[in-house]
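Number of protein chains: 4
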Amino acid sequence: MNQHRAITAPPVSLGERLAATRTLTMALAAPLSEADACLQPCPDASPAKWHLAHTTWFFETFVLRDHVPGTRPYDERWPFLFNSYYEGEGARLARHRRGMISRPSLAEVRDWRTHVDEALLRALPSFGPDAAALVELGIQHEQQHQELLLTDILAGFAANPLEPAYDVMAPTGGAMTSLVPEASGDGSPWRKGDEGLVAIGAETGEFTFDCEGPKHRVWLEPYDLAAAAVSNADWQQFIADGGYTTPGLWLSDGWDWVRREGITAPLYWDADEGTSFTLAGRQRLDPAAPVSHISYYEADAFARWAGARLPTEAEYEVLAARENSAGGNQLDRAEAVRPRAGGGLFGDVWCWTGSAFLSHPGFTPAEGTVGEYNGKFMSGQMVLKGASCATPRGHSRATYRNFFPPTARWQYMGVRLARSR
Amino acid sequence: MNQHRAITAPPVSLGERLAATRTLTMALAAPLSEADACLQPCPDASPAKWHLAHTTWFFETFVLRDHVPGTRPYDERWPFLFNSYYEGEGARLARHRRGMISRPSLAEVRDWRTHVDEALLRALPSFGPDAAALVELGIQHEQQHQELLLTDILAGFAANPLEPAYDVMAPTGGAMTSLVPEASGDGSPWRKGDEGLVAIGAETGEFTFDCEGPKHRVWLEPYDLAAAAVSNADWQQFIADGGYTTPGLWLSDGWDWVRREGITAPLYWDADEGTSFTLAGRQRLDPAAPVSHISYYEADAFARWAGARLPTEAEYEVLAARENSAGGNQLDRAEAVRPRAGGGLFGDVWCWTGSAFLSHPGFTPAEGTVGEYNGKFMSGQMVLKGASCATPRGHSRATYRNFFPPTARWQYMGVRLARSR
Amino acid sequence: MNQHRAITAPPVSLGERLAATRTLTMALAAPLSEADACLQPCPDASPAKWHLAHTTWFFETFVLRDHVPGTRPYDERWPFLFNSYYEGEGARLARHRRGMISRPSLAEVRDWRTHVDEALLRALPSFGPDAAALVELGIQHEQQHQELLLTDILAGFAANPLEPAYDVMAPTGGAMTSLVPEASGDGSPWRKGDEGLVAIGAETGEFTFDCEGPKHRVWLEPYDLAAAAVSNADWQQFIADGGYTTPGLWLSDGWDWVRREGITAPLYWDADEGTSFTLAGRQRLDPAAPVSHISYYEADAFARWAGARLPTEAEYEVLAARENSAGGNQLDRAEAVRPRAGGGLFGDVWCWTGSAFLSHPGFTPAEGTVGEYNGKFMSGQMVLKGASCATPRGHSRATYRNFFPPTARWQYMGVRLARSR
Amino acid sequence: MNQHRAITAPPVSLGERLAATRTLTMALAAPLSEADACLQPCPDASPAKWHLAHTTWFFETFVLRDHVPGTRPYDERWPFLFNSYYEGEGARLARHRRGMISRPSLAEVRDWRTHVDEALLRALPSFGPDAAALVELGIQHEQQHQELLLTDILAGFAANPLEPAYDVMAPTGGAMTSLVPEASGDGSPWRKGDEGLVAIGAETGEFTFDCEGPKHRVWLEPYDLAAAAVSNADWQQFIADGGYTTPGLWLSDGWDWVRREGITAPLYWDADEGTSFTLAGRQRLDPAAPVSHISYYEADAFARWAGARLPTEAEYEVLAARENSAGGNQLDRAEAVRPRAGGGLFGDVWCWTGSAFLSHPGFTPAEGTVGEYNGKFMSGQMVLKGASCATPRGHSRATYRNFFPPTARWQYMGVRLARSR
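Chains as they are written, first to last, in the numbering used here: chain A, 381 to 801; chain B, 381 to 801; chain C, 381 to 801; chain D, 381 to 801.
Note that these hints are calculated values from the structure, not bench results.
Treat the hints loosely; a few may be bogus.
[What the hints assert, rightly or not] Mimicking EDC-like on lysine to aspartate or glutamate, the simulated pairs with C-alpha atoms at most 20 Å apart in a straight line are:
id : chain 1 : residue 1 : chain 2 : residue 2
1  : C       : Lys595    : D       : Glu488
2  : B       : Lys595    : B       : Asp574
3  : B       : Lys572    : B       : Glu543
4  : D       : Lys572    : D       : Glu601
5  : A       : Lys595    : A       : Glu583
6  : A       : Lys595    : B       : Glu703
7  : C       : Lys595    : C       : Glu703
8  : C       : Lys595    : C       : Asp621
9  : C       : Lys572    : C       : Glu703
10 : A       : Lys595    : A       : Glu575
11 : B       : Lys595    : B       : Glu575
12 : B       : Lys595    : B       : Asp614
13 : A       : Lys595    : B       : Glu583
14 : A       : Lys572    : A       : Glu469
15 : B       : Lys595    : A       : Glu575
16 : C       : Lys595    : D       : Glu498
17 : B       : Lys595    : A       : Glu601
18 : A       : Lys595    : A       : Glu703
19 : D       : Lys595    : D       : Glu575
20 : B       : Lys572    : B       : Glu703
21 : C       : Lys595    : C       : Asp614
22 : C       : Lys572    : C       : Glu583
23 : D       : Lys595    : C       : Glu601
24 : D       : Lys595    : C       : Glu703
[Claimed, not checked] Cβ-to-Cβ under 7 Å is the rule here; a few derived chain C residues that face chain D:
id : residue
25 : Ser413
26 : Ser464
27 : Pro594
28 : Val598
29 : Trp599
30 : Ala607
31 : Leu631
32 : Asp633
33 : Asp636
34 : Ala706
35 : Phe757
[Unchecked claim] A short list of chain B residues far from chain A (calculated; beta carbon distances all over 10 Å):
id : residue
36 : Glu467
37 : Asp497
38 : Thr584
39 : Gly628
40 : Glu715
Every value quoted in this text rests on a predicted model; they were computed, and no experiment measured them.
Heads up, the beta-carbon is just placed ideally off N, CA and C, and yes, glycines get one too.
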């Protein structure tokens, strides 16, 4: 992608975007066997087949059933299996049992996808704004599950002592970096943040998730944001300096977690060997690339060790708003999925912030079952900003609020430091 | 107490305040038998004897040992038993085993207290500002444990099917209310909040805990705060309306908790009988009194049911700053400890806010072991503001930040609603 | 099968029996998809693919590696995956992670089986008695896993709300019953047992598992054994009579289990509908067929309710020794796998005894790693005797000792009553 | 005690024995503070005060209520607190909450004891055989709780890092050994057992617990029993030889337990220091004294290491029947409670057998609620024979069946080896 194409490309229709999204999902699942697609390594990670089916259930339920008269479910026993957490849609399979669904088969789920895709594309021209908005929501929802599909496969393959590779590792391309604005023009490791009264949060207008709005004012004291994400080399120093064995660096809950789980390095690392397990199998760590697969507790301890702190959500967002959110190292089929050096505020790894995932002032959830979307997860989670190498390009925004509990590590999660000035 | 005395009382010296605090603690423990004082009903609650000893350990360690040359521990095996969580002070008894310390006896702990008190009062005149500041910290710390001593005894007695009473329930006094400013002059159920740029957080100067500062600016959109805390009668309506069985009212984690624990009412309630277990034994609910012993999840669900929301910490604090923080229904030996109707923003129950317990901008923890004080608990907890009927009078401030995990209920915890305007 | 063939069949060679066993295993796996074969519904149940591989690892390790010079493992990373519990053979995959082995694929495991089969058959003619004995052990071991493969698949499919069928249910054949000796000639519900000094346990000579010997004397007081296993109709009466809600009928551990797990019927039953989940999908209960999928605790409670007791191992064994152990309703490809009415002491369901699985007097485990076979499981388990509908015909013996913990239900487990006379 | 006294002592009446038993219990509790008496270090161990109350509840319920017309409970709320496990007697406090009963106080429980004792002694003369049998059962039951009171106090004090002593350690007396028959006349380490058809189990006549009978025949193959229990010195050799780190010595469940719990020595040992925590505080190990506080798994592993095995219950019982069951090192107020060298089959430590605790042939539990006595615990436990240093003298019999789960260690449990001849 380059600036020219971005400028001259014709507007892409909703139908085209729907088709492209649905196609990409199947392409991501292509390297998987029937058994690979059924792996559930832990309750948080879902089988790839479940992602394929759940995203289809979303369209069948909230778009076709509710907006295309006469639609009947493809198989009336399947909604029980593929509803994720919508209480309003009735009983559902316990989350930790998703790996037990050896049937319907991958082929049957693929047929269901085709069936629903055809019905959607047939009905699309007649949709009013409400139905179209739900199609847009379904696309965005499916993009989220594309990222999860990759991170869940990574977790599933990591649970196999043979450490199979999902895909080959492409040579590091230089092309990508041209997209990335120089982090700071002057080569300084810090980038000056905005201060005073700023506005964050999403305006109404283009698509955003409910929790991103409303737009509102916050007051920022002077601060700096690091020009680069913390790298693997930085993290190796933290380990060498006893980072994981110094209780004073850790939050109390974090220290309990480190000892209980025996944590000594980021997830998937073999710190002694200097390798990490990746979608391309076990690979040597790239010292310059952003560290990934760290928890909030690790990010926080690292920041304390480094004499810095995590940025707040607002601090990250106001700077991110000046970057191209579709730039950076994000999910493209042409490139292997892995964090790379040199990126900006979108791509490589989601960055932990020091802000809890709570509602913006004035937040009101959407009406109806779809309203269970994000509001009900507003406890016990921290906000991550930016985008990762597994985030579909085009899915990112400065106002985007990713969120996970402070122990989560199986996503592409990293850290960018901040300091008060 | 009346306004006159408050005005004319001479300034109280540090030594006097130390003595008064140490004496009150022993008075609170007076009704307890040796066995009562050893009860640990759950890992979060500590035995009363442990509170008596831990607060003494705090003075012996951080004041006497560090500031009075030649001090030796009263018994060198005891610090292991009575250190709470200070990693810097070495190994310590696992928290959930505090109930196993049948020895030293209550009498031995009492003797230790006397010994330390005498050493403190002897050394006090010679203390410089650092040591004096640690005495002040020790007083404030002990006041926190006074409240915990009461709530832990309540939890301990509640675990006994005989439901013994800690103390008799005094008749509801009318005197108390004279201290409380009318919640809103005009009888409206809502009180208008400040808006725009306001300052919250503690200034340096008088004593505050580290996490209360620094003072900083925040931007508030227009809002109202309820003139009264949610009452027992309000809560009975919530129950009658299916509050505990309607998933749409709850955060996802909250709904899991309600079902896993079989929650159907506030802690200590017998909803069918209309009673609650209290320090005076089982008592009829006072419909007008603030509801107490509810979790954050319950407070949040109630607010959603009521079409309102929880206030943020800043929203509560700016209004609280206008009230007398030593007023209201707080811990006085003259009155039974229970929430009462008609109170203001200090007293009766701590109020859950919708703000996570995270650092204020610019926060830096104190140096040394004492620096483990609050900063390391900044994850997984929500802020509560105000004060409760078990908070020692004089311990409260508008900037005070109490914090507990969202499932905690054994404190005097309630809720006051807010709404955006 | 008919009596003629049984009588006139020529003696079967070790090689033929090896080939037949290995072929049957693959036939049992034939209806399974790649994903079905990877299902692990609980830590006790292993994926079908794991059974295919583990039995192959057994031959490759203990026969080929140890007795065919120059043998190298087919893949040197696989022993880690497919060792079950042999400490002497080094580290191994945690049991509960067997479902994570999506690779090697089913096809790769199939190729491994073929490779090992060919090597075994090639080497067989040159084997001395030690190696031949290990081949025999490998056959018997694989027969055990054939039964487990079926019961584990049943458990795996039961975890899928769609309740897929492994195989169609063949019509109940009458041919089978001709093999079964009339339980008692006189139509009495009880059959008189031997009394006084009897011998049980296996003699040296033909193949038996180590724990079956040595032959030894035990003294039996007069007793009767029921002529028939407890039936589904009997069990429905037990349920109707409050069997699952009467604490006095249960062992203390059993009653705790019933309440903790919410047990109200045999595993896989829908007692209200009068159905059970089977390898042929959900089916109506046959009232006359033996009840299956009950725990020891349930068997024991039923016996108490019926005014009887469980037989001891010796009581069962001396009567079983008079029956044809290859008769009855056992695993034949021609017939659907399910318990049927009218059977004798071998077939339909394994029968719980009141005897703990402990060593016979004079027991000594085999030398070497293979010696880990049975002795190390002699704690916390009860003996079951006979054979089930999933036990390969020819695998049964009167001296056979099956054993499971008292809560296990996923095998074809039933009960036959006894009484002292 | 000597043979003369035993012969000439006048017969002791039921009332005298009742009084002596009730008095001894109070004497055992005498060194305990109110808080000591409330300690519950784990769910299996009960507070001393609970033992005092529960044994009193037993008499009040099964003797006074059922056999003395007009008896009312001393306090009608207490049966809920002090019923142990009798389902027939209604709801009761959860076992693990017994440590929460700080009230009634020790003094109140003492008063209850006095009240019940007086009522019992008053009514005793008028009792028929049924009531008298229940008094006898109550005495025996209280003797069991005397032993538990001591072992539970030991466990409670062990949970306190200060390791308080219950009582002083008396000098090792030589007097005791005169009571003990020479284990084998010829100085051999092995003692020849009976063989062939022998009778074990209790006859009707004098008092025994239900599970001890009926008397029945068993066949014994030739065997030897060790002349002495395994000693602390033996156990130190086992440790030095890698006993706790050699999986091949252990039952599979035992090995899991060793690793999960990090077991490296008997309970209460500091193996490096060569000490053990005892009722007299931490003491040096006596090399010649029997090892104590070992689990069944440890006993079994030791036997395998020593090239021997555990005796069966019958093997132990037939030899024990020839010894004076009131001899040996048992509970006497004159001597400190600890295992000593040189003892016979009764005293010092209970000996683990290789027999599961199951019913003797022909066993029928007593009628009514008292019938819940032993039968319902017949699963998951192993039999121990003999008596320990904490068993009240006079409570022992050759037919006595003590039983615990294979992981239990807090009793005085040891091991005496056997071998087949």
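For each hint, the structure was consulted:
With a CA separation close to 61 Å, the supplied pair Lys595(C) and Glu488(D) exceeds the 20 Å bound. Distance restraint check for Lys595(B) and Asp574(B): the Cα-Cα separation of roughly 17 Å lies within the 20 Å cut-off, and the hinted pair is therefore satisfied. For the hint linking Lys572(B) to Glu543(B), the alpha-carbon distance of about 43 Å lies beyond 20 Å, and the restraint is violated. As the CA atoms of Lys572(D) and Glu601(D) are separated by approximately 12 Å, the hinted pair is consistent with the 20 Å bound.
For the proposed pair Lys595(A) and Glu583(A), the alpha carbon gap of about 5 Å is at most 20 Å, so the pair holds. Of the pairs offered as hints, the one joining Lys595(A) and Glu703(B) is violated, with about 32 Å between alpha carbons and a cut-off of 20 Å exceeded. This hinted pair checks out: Lys595(C) and Glu703(C) have alpha carbons roughly 18 Å apart, not beyond 20 Å. Taken as a hint, the Lys595(C) and Asp621(C) pair is broken in the structure, with Cα atoms around 42 Å apart against an allowance of 20 Å.
For the proposed pair Lys572(C) and Glu703(C), the alpha carbon gap of about 14 Å is at most 20 Å, so the pair holds. Only pairs whose Cα atoms come within 20 Å are accepted, and Lys595(A) paired with Glu575(A) is accepted, the gap being roughly 17 Å. Note on Lys595(B) and Glu575(B): the hinted pairing holds, with a Cα-Cα distance of about 17 Å set against a maximum of 20 Å. For the hint linking Lys595(B) to Asp614(B), the alpha-carbon distance of about 36 Å lies beyond 20 Å, and the restraint is violated.
For the given pair, Lys595(A) sits about 31 Å from Glu583(B) by alpha-carbon distance, which is inconsistent with the 20 Å threshold. The straight-line distance between the Cα atoms of Lys572(A) and Glu469(A) is roughly 47 Å, outside the 20 Å bound, and the hint therefore fails. Proposed proximity of Lys595(B) and Glu575(A) is supported: the alpha carbons are some 17 Å apart, at most 20 Å. The suggested pairing of Lys595(C) with Glu498(D) is violated, with an alpha-carbon distance near 59 Å, which exceeds 20 Å.
Simply put, Lys595(B) and Glu601(A) have alpha-carbon atoms about 11 Å apart, close enough for the 20 Å limit, and the pair holds. The suggested pairing of Lys595(A) with Glu703(A) holds, with an alpha-carbon distance near 18 Å, which does not exceed 20 Å. The hinted pair formed by Lys595(D) and Glu575(D) meets the criterion: a straight-line CA distance of about 17 Å does not exceed 20 Å. Only pairs whose Cα atoms come within 20 Å are accepted, and Lys572(B) paired with Glu703(B) is accepted, the gap being roughly 14 Å.
At most 20 Å may separate the alpha-carbon atoms for a hinted pair to count; Lys595(C) and Asp614(C) exceed this at roughly 36 Å. For the proposed pair Lys572(C) and Glu583(C), the alpha carbon gap of about 25 Å is over 20 Å, so the pair is violated. Proximity of Lys595(D) to Glu601(C) is assessed by CA-CA distance (about 12 Å); at most 20 Å being required, the pair is judged to hold. This hinted pair does not check out: Lys595(D) and Glu703(C) have alpha carbons roughly 32 Å apart, beyond 20 Å.
Here the hint on Ser413(C) is broken, as its CB sits about 33 Å from the closest CB of chain D, past 7 Å. At a threshold of 7 Å, the smallest CB-CB gap from Ser464(C) to chain D is about 11 Å, leaving the interface hint violated. Given the 7 Å rule on beta carbons, the hint for Pro594(C) is violated: about 10 Å separates it from the nearest Cβ of chain D. Satisfaction of the interface hint for Val598(C) is found here, the shortest Cβ-Cβ separation to chain D being roughly 6 Å, below the 7 Å cut-off.
Nearest Cβ of chain D to the Cβ of Trp599(C): about 5 Å, under the 7 Å cut. The hint holds. At a threshold of 7 Å, the smallest CB-CB gap from Ala607(C) to chain D is about 21 Å, leaving the interface hint violated. Annotation: interface hint on Leu631(C) holds; nearest CB of chain D at approximately 5 Å, less than 7 Å. Here the hint on Asp633(C) is kept, as its CB sits about 5 Å from the closest CB of chain D, short of 7 Å.
At about 10 Å, the closest approach between the beta carbon of Asp636(C) and any beta carbon in chain D exceeds 7 Å, and the interface hint on this residue is violated. A cut of 7 Å between beta carbons decides the hint on Ala706(C): the least distance to chain D is about 30 Å, and the hint is violated. The interface hint given for Phe757(C) holds, since its Cβ lies 5 Å from the closest Cβ of chain D, which is under the 7 Å cut-off. For Glu467(B), the non-interface assignment is contradicted: its Cβ lies about 4 Å from the closest Cβ of chain A, within the 10 Å cut-off.
At roughly 30 Å, the least C-beta separation between Asp497(B) and chain A is larger than 10 Å, which holds for a residue marked as non-interface. Chain A leaves Thr584(B) outside its interface by the beta-carbon criterion, the shortest separation being 17 Å against a cut-off of 10 Å. The claim that Gly628(B) is not at the interface with chain A is violated, since a C-beta of that chain comes within 10 Å of its own (minimum 7 Å). Under the 10 Å C-beta cut-off, the non-interface status given to Glu715(B) relative to chain A holds; the minimum distance is some 35 Å.
In terms of the numbered hints stated before, the structure departs from hints 1, 3, 6, 8, 12, 13, 14, 16, 21, 22, 24, 25, 26, 27, 30, 33, 34, 36 and 39, listed from lowest to highest.
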